[in-house]
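Chemist: Sequence:
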Amino acid sequence: MRRPTKILLTTQMIAVGAAGMLVPIYAIYVEKIGGDILAAAGAWTVFSIVSGALMMLFGRLTDRVREPEYFIVAGFFAAAVGYVGYLFVQSPTHLFIVQMVLGVSVALMTPAHDALYTEHLDGGRFASEWGFWEGMWNITEAAAALAGGLVVVWFGFKALFMIMALLAFSTGVYVCVLPRRVL
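No gaps in the numbering here: position 173 of the sequence shown is 173 in this note's numbering, and each next residue is one more.
If you're looking for bench data, these hints aren't it; they were derived computationally from the structure.
Please note that a few of the clues may not be correct.
Listed next, the in silico SDA-like pairs over lysine to any residue satisfying Cα-Cα at most 20 Å (straight line) [said to hold, decoys possible]:
| no. | residue 1 | residue 2 |
| --- | --- | --- |
| 1 | K6 | A147 |
| 2 | K158 | A147 |
| 3 | K6 | Y174 |
| 4 | K158 | K6 |
| 5 | K6 | Y117 |
| 6 | K158 | Y117 |
| 7 | K158 | I33 |
| 8 | K32 | K158 |
Being a predicted model, the structure only gives us computed values, none of them experimental.
Using the sequences and the hints given, assemble the complete structure.
Modeler: Written out as structure tokens, the structure reads:
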């Protein structure tokens, strides 16, 4: 596996880990802010529609730029803003706004990450390297789910959101300062 592929894999797993810390306990958080099952479903729907629609647009834009790394950086910074936004959510309506921001972050990051990862795959090993990516995704989500649950039990949701924001922000800075020739 080439160095750029390893870097992309690592940064994507940090993104997956940050988001994955909340996913299994998301409905509990929604209840804490006064929402119900429908609010949780609605917020996830907003996230999915925004990320899905914009991913198609940002995918086209990513194909046209010389340095798609900046889409990844912008996505990490948008995710950090979204995670900080969770700290200020007081109603399901506020949550929908945060979910829109997080949808934009995923839409910015995903096409650029996937394009760069594909570009740096070892010829003839596409299935094994994509299999490694997908396997690491699931393993990272598993570890993040447990870590997120433990953080919330021991320190509360605010600590979790600050950790998620710090992970996203620091990874965005890392990708931003990487020499462009690396990716």
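Chemist: All hints are to be evaluated individually against the structure, with a verdict given for each.
Modeler: These are the hints, each one checked on the structure:
no., hint, result
1, K6 x A147, "violated, 23 Å"
2, K158 x A147, "holds, 14 Å"
3, K6 x Y174, "holds, 14 Å"
4, K158 x K6, "violated, 31 Å"
5, K6 x Y117, "holds, 9 Å"
6, K158 x Y117, "violated, 33 Å"
7, K158 x I33, "holds, 12 Å"
8, K32 x K158, "holds, 12 Å"
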